[in-house]
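Visitor: Using the hints, put the two chains back together into the complex; each one sits in its own frame.
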Amino acid sequence: MTAVEQPAIEQPDALEQRRRRRWPWLLGLVVVAIGVFAVLSTGFGRDPTVVESVLLNEPAPPLHGPTLDGGDFDLAEHRGEIVVVNVWASWCVPCRREYPLLEQAAVQLAPYDVQFVGINTQDTPEDAQTFLDEMGGSSYPSVLDPKGRWGVEWGTFGVPETFVVDQDGRLREKRIGELTPGWIVQAVAPLLEGQ
Amino acid sequence: MNNLLGSGALVAGFASAISAAGWWAMVARGRHTRTPARQMTVAMLVSAAAACGVLIWALVTHDFSVRYVAENGARAVPLYYTVISLWAALEGSLLLWLLVLAGYAVLVMRHVHPRAAALHPWAMTVLCGVAVFFFGLALFAGNAFAPVSPVPADGPGPNPLLQDHPLMGVHPPLLYLGYVGLTVPFAYAVAALITGRTGRGWLLVTRRWTLTAWAFLTAGILLGAWWSYEVLGWGGYWAWDPVENASILPWFTATALLHSVMVQERRAALRVWNLALAAATFLLVILGTFLTRSGVVASVHAFTQSAIGPALLGFLVVVFVAVGGLFVWRADRLGADDRLEVGLSREAVFLGNNVILVGLAFTVLIGTVFPLLVEAINGQRVSVGAPYFNRMAVPLALAMVVLMGIGPLVPWGAGDPRALGRRLAVPAALGLATVGGLGLAGLDGVGPLLTFGLGVFVLATIAAQVMTATRATRSATGRGTLTALALTVVRRRRMYGGLVVHAGVVLAAIAIAASSAYSVEGEQTLQVGESFTVGSYTATLEGITPARTDRKMSITTQVAIADAGRQLGVYEPALSFYPAAAQAIGTPSVKTRLFEDAYLVLTSVNDERTQATIQLIVSPLMLWLWIAGGVMLAGAVLAGWPSRGRGRVARPAARPRDQRREAAV
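In the order they appear, the protein sequences are chains A and B. Going by the numbering used here, the first sequence opens with residue 1, and the numbers climb by one from there. Going by the numbering used here, the second sequence opens with residue 1001, and the numbers climb by one from there.
Simulated from the structure, these hints should not be mistaken for laboratory data. None of the values given here were measured: they were computed from a predicted structure. Incorrect hints may have been included.
So the derived label-pair ranges between C-beta atoms look like this [as the list claims (entries may be wrong)]:
| no. | chain 1 | residue 1 | chain 2 | residue 2 | range |
| --- | --- | --- | --- | --- | --- |
| 1 | B | Leu1107 | A | Pro24 | 39 to 49 Å |
| 2 | B | Leu1568 | A | Met135 | 14 to 24 Å |
| 3 | B | Ser1383 | A | Trp25 | 27 to 37 Å |
| 4 | A | Gly80 | B | Asn1378 | 33 to 43 Å |
Glycine residues also receive a C-beta, built at the ideal position from the N, C-alpha and C atoms.
Just chain B, with the same shape it has in the complex (with noise of 0.2 Å):
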């Protein structure tokens, strides 16, 4: 029954995304009204909810007949991680990949811009073009539903990694949310390719759908690093593994794309650039999503090989072909750009921003595919380690921490330097302070050190604008400070929310060189009641608890931990035998302090359960990194959350600078 209904919702589906993708092309070029385009659109979200309800249905009424669920389900498995097994296999994640889609292509449907009213019908032609291949991808290639004959009793289960944890409930959707959602840019950079009219209006509609895609891909990584280090139980949360790069590879070029946005909102320049960008990011997408679902690389998040990988590769292919193609053909229709200024300006910096960070996804997108290369060429299987990634990423992740101190202080068109080396003096100065201090106190590695100097003084610059911005509302209006620090910032909330963004990457940056250049770690063999030292905290092994359920084996320790002589309690690191999984997986146990965390793995426990190696890993400022996520989503949020009365007063803030050149266009 379950077979029927799924597949059903699935041809259904497949069919509306067909005519709805026709009917949009025939309403971009006049030929038809938008009803039916908009009936069929809303058909596409409904068939897509309508399969991942059967399968959920399917996985929680344990329908062993249906292949996802033989594949995937087990009867002893907790219902929140059997409705959450939804995506923990390819076929499954393909469907919560085509709910978002057409959530997306309904919402987009829904609000048409003025600006931007000859691009909506061709970029909805694009979204669901795009939906046309998943369907298609989820209906031939990897069918969740098709029947299993004679039916299994029971499954073996997800696999074990994502059993483990409740944030496997939240990671995988919103790294979806994110990643789906950069196919709305794309959509309307084709639309603009396509109708010619690639000016300003195509940012205008895009650059919230932007925002909100890189703020729930931002979410999306952050979690997933924080799983990593939560469950994964090495100590650290990012490996450069393929799937981390696959989602860190768009996120670096659609904060290029948010940067240059900028540009072009102010002058015709950067259109191409900005056009590849948007196609860029996509086509990094779909990358990302053929690299870890086609087996290709060797990976944790890899699925197992199917038909799935050659299709999404045609896919990839096809859609570079035919953006690049577009390119070539509107290259008359393109138009000259504005000359740029190259000296000391906003827009030089905006410019430098996106060197940097196409850099950043250019190096590691070397990284992550240079196996293959190498494999397409002589047949050797090689791999591309962390060594690789860290040298070629942080000198470049530091320079773009530095444009982000100078960068918002820099005026639009020619700067002045001195007035620029006056806003900087201050901040610098606190910056060499910090560093010269750090260094008194102790501290070595010229990397950390650089990364602490350039925090502080970003930090400080984006204090000193915030106050300098304050002290001029509170002077204009007699508010108080408060009302005044409001006022500023609601005033302007897309900068000032930037450069809370900016704050939260700093603080990242921060906690990254701190817990990556100072963190300690010793292990040790203990009898029960034994201890060990590791920095200022002691580690006491109080326990060895053997448990065996229909799921796992498991080995629990109780270990108390102590710092200086002072007790923070007792921890639990385990580890667990699953059925068919790989080795023996630990669960740490994690001591969150303001400025340390204690991270306590169990490596192994003897056959008479008397000793247990347990491994003690002090990380400075661990917390501060989760805290710099949340510092960038409120940033996010800031920026990009809708005025009161969208349309009605659209920009009550524009400077008069602004509205002279808009007068121009």
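In isolation and in its complexed conformation, chain A is listed as follows (with noise of 0.2 Å):
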């Protein structure tokens, strides 16, 4: 019994010989290495962020009924206009820090045709309205969705979600978590064209 073992070591000839035949073998593995490359790094680049919905460049679901500030508020009536809807609920912490960002959007988009509209959903109209004065008010109003029902009709994952809704009622944006500083705006741009 050896303690170690010794590398077998061929005779030169046979060994010149089967170098000769490495290199199809390794031209094999380069070509394998590459397919598996590329079908591996297919994924890359897409926007987890992005979802695609069903609902997209289709007609936007309804949206009606009373609102945090006491009016109404009917989706159907706002055709002709760019809306932008945004889930939120007060219990929801990325919502409040993408509250100003949707402020500051509907100051900025003020000049257009632009109505911004918010679903609060799974909430207590009490909460939400604490949660707006802390945020020291809303330009635009709320529809009240305590049992989460606009949230199952427009396809939400969960909050906040925000969906961008055309001139001609259809669903053309839609964004899964919280906002990024400008994708209102470039959401919204495209739709404005010759305004």
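Guide: See the structure below:
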């Protein structure tokens, strides 16, 4: 029993022959590696916050009902305008963070025919009002949705979510999760052409 | 402050990993002493531990100037979940990965096997080289410590699913211990290829490492299944999700490796095969990490996209080409294998086992990457569902169960079919009787009945082996039955540990077959006070309680369960709404009994909170799946636990035949 095994070393001729046989193998290896790379890199560049919705480019779901400020809202009455719909709740931390972006965009887009509306989902009017008071008030209405009915209708996954509806009442953009600065303006701008 | 400390630890780790890899390579080429290499390796571990420590400290002290804390911390999250947020997202889990990898490197460094001393520095070079990559990844592609300005006042908290169950503190680290541990056999396989010493040396060193990693991986996978069952609320435990597949792929090849090394330990056969299995296992680990960390496949576990995905893919391709190149370069030194007995022999059974396990790995791999393949070819997005995996994997798994019954009874070399037939007769009869009895009792379905029959068959062969050996020991030593049993098992722990693992796998197969074939479920909308029945179980809605906290809004229902009129207690399935979360998160409630589980899910509650839709799933033998996991782990520990006075009395129970073979080497 030998303590350490010795590598087997072959005769020079056989060695040379084997070495020449290496190249096809190496070539095959590289080809396979390129194939693996090509297939696995397919998914890069996809933004997971952009979600394909079956509702996209279809007529937007209805949205109507009493609003937090005591008024009434009906999406159908806003045909001809661009409508930015934001689903939010007072208990949602990202909603708190993105709220200033919404207000800012509402001010920026004020010269154009853009209507902002909130869907206050799974919430109580008292909590929602406290939230808005803390944020310094709201310049646009929010439809009350304590039972999450409109959330289901609009196919939301969670809060916050933001939708853009065009002048013809079609759903054009959808974003899941917190807004980033500039998202709203970028989503709305192409629809404003000619104005 | 924490930004600097954390980034500093990563820089130190990156630098020490580079120098450690360099020093070890010089040691390997006989140009240097080991001391600096060892110091650098320890420095690598200290850096990784420091990086983890700083991040945990930043999480606990709510230092939102640290990017990872700003993205995954929140003041309202309890301390325990704050600490385990270390692995709630990509960048933090990379630090855990580094800690485990550096830990393994130091442990491997401390033990130099006399039969593989020449391989040791090369293996260390590989381990440190892998660490260089992961430190670089943590530092350049996803630095958790990047400063955030302005500093937010609070964060969103970790993924709600991860805040929902204490198991999240255990499942990821166990999985990482398994995953990363498989780097060790890979490192030694590469060392064997580089040095050309592809004989038994590397197997003797890595045997226990592979087994350890395998045991952690098994525990991690089963805990993941348990978590899925207890938390996700869909009544199942395995969905062929890409992340689950990513964890099972290296499990298949590692299991194959654990078996095929036994062939090479006895004779010069399957050398290339074993090296390839070790390499493939590591490649599958990296592939799995890539698939789940890069966002290229949709999964509940998938993290968002970042530079880490492309970096991991690059690493995967580089390792693939490098290892493949090593095989080609060393083809002249791999030597010719002995011919294997193709007839009825242990070798042949192991070969069959390997073909099946690799087949399973291949099948699952194809199913997992198929959507990417289709997208690469024609741009369409498809998904491969459970039916594909079940149809492909179940027959292979059943064939493996058959081999588990036969394999341990077949001798090495040439076996005598008639002797084997005699030993298999009683277990086979028991298996057939089981199928017949259960069939007559009214159970239907070919798959599950076959599984039960084969399960009983395998358990009977195991029992017969243990009994025969115990009887022999008893008559040889004159001790009592229990003492004789203990003596028998202790003398050949590796073999009996393996048999215990087999028993665990069979129990798991039976539990999986029973719970997937015979579970019954019903769903009904109930007013408070109403009830409905599924099987022999009755669920009564007793109350609906909404609650609201800073972190979430939840609705809990009180549901009383009774089996055939006997009250079993009140259970509380709930629904929670977290901010920024995908849908409402259901928290199921399970009454676990010895032979079946009653699984309650709250599907929805009406607006007035007066009625709730409750789903009740009655799944047989679920508890046995978790018991099976325990049995498998017990078997692995039995087989792999270091002998007392290791090195002094290395293998007290080697049989004469083995000694003869060893003398001939």
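Visitor: It remains to establish, for every hint, whether it holds in the given structure.
Guide: Against the structure, the hints come out as follows:
1. The supplied range of 39 to 49 Å is met by leucine 1107 of chain B and proline 24 of chain A, whose beta-carbon atoms lie about 41 Å from each other.
2. In this structure, leucine 1568 of chain B and methionine 135 of chain A break the distance hint of 14 to 24 Å, their C-beta atoms being roughly 49 Å apart.
3. At about 35 Å, the CB distance of serine 1383 of chain B to tryptophan 25 of chain A agrees with the hint of 27 to 37 Å.
4. Roughly 40 Å separates the CB atoms of glycine 80 of chain A and asparagine 1378 of chain B, a value that falls within the hinted 33 to 43 Å.
This entry does not satisfy hint 2, going by the numbered hints stated previously; all others are met.
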